[in-house]
Amino acid sequence: MSRGFVREDDQEEAPFVPPRAPLPQGVPNHVTPRGLRLLQEERAALEADRSKPYESENAKRRAWAEIDGRLELLNERLGSARVVEPPDPAPDDVRFGAAVSFRFLKGPQAGQDHTFHIVGVDEASVKEGRIAFVAPIARALLGKRPGEIAAFALGTMQQELEVLAVTYD
17 MSRGFVREDD QEEAPFVPPR APLPQGVPNH VTPRGLRLLQ EERAALEADR SKPYESENAK
77 RRAWAEIDGR LELLNERLGS ARVVEPPDPA PDDVRFGAAV SFRFLKGPQA GQDHTFHIVG
137 VDEASVKEGR IAFVAPIARA LLGKRPGEIA AFALGTMQQE LEVLAVTYD
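Adding 16 to a residue's 1-based position in the sequence shown gives its number in my numbering.
No lab work stands behind these hints: they were computed from the structure.
Okay, the calculated beta carbon distance ranges per label pair: (1) Thr131 - Gly85: 34 to 44 Å; (2) Val99 - Ala75: 31 to 41 Å; (3) Asn74 - Arg98: 36 to 46 Å; (4) Arg59 - Gln128: 30 to 40 Å; (5) Ala37 - Thr131: 18 to 28 Å; (6) Glu71 - Pro152: 38 to 48 Å; (7) Lys76 - Ala37: 26 to 36 Å; (8) Glu176 - Ser72: 56 to 66 Å; (9) Ala37 - Glu63: 13 to 23 Å; (10) Gln128 - Asn91: 33 to 43 Å; (11) Pro162 - Ala126: 11 to 21 Å; (12) Gln174 - Ala79: 44 to 54 Å; (13) Tyr184 - Ser67: 36 to 46 Å; (14) Ser67 - Glu176: 46 to 56 Å.
We treat Cβ as the ideally placed atom computed from N, Cα and C, and that holds for glycine.
I would like the entire structure built from these sequences, with the hints used as guidance.
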């Protein structure tokens with residue numbers, strides 16, 4: 017059809033659907049039980065958003081397009097989720113789901129202590145002290161025990177961390 021016969025009001029721009037946190041090709045989508053629950057709660061919230069009243073049919077169509085896009089990405093992630101339960105008994109080395117306390121030995125943060133939980137990519141939030149298991153710092157810490165040193169590159173700088181403690185929730 018010629019564009020001369022199309023109203024400008026009908027020319028809606030596709031909504032922007034932000035991508036989910038990247039998961040490297042071939043890497044399983046490990047999630048903690050908490051991470052799975054958060055994904056399921058996110059899906060329930062998105063589905064509930066569809067029943068909200070909208071000021072117009074146009075607004076509803078646009079909102080639903082965004083919700084549908086986000087649900088599609090979320091359902092793909094949920095479909096590939098592999099729940100990793102906390103080990104019992106808790107090992108003394110760093111594994112997926114661990115809370116690991118460590119001290120920076122080199123670099124600009126030398127002497128500073130931090131604690132991070134190693135979690136799935138969708139649950140990761142540095143602000144909450146949760147890092148994805150695929151992050152360089154997490155990969156360096158995996159398998160280490162208290163007293164051991166983990167090394168990883170941060171840009172051009174080599175970082176060293178001493179593992180102080182490992183716990184599991």
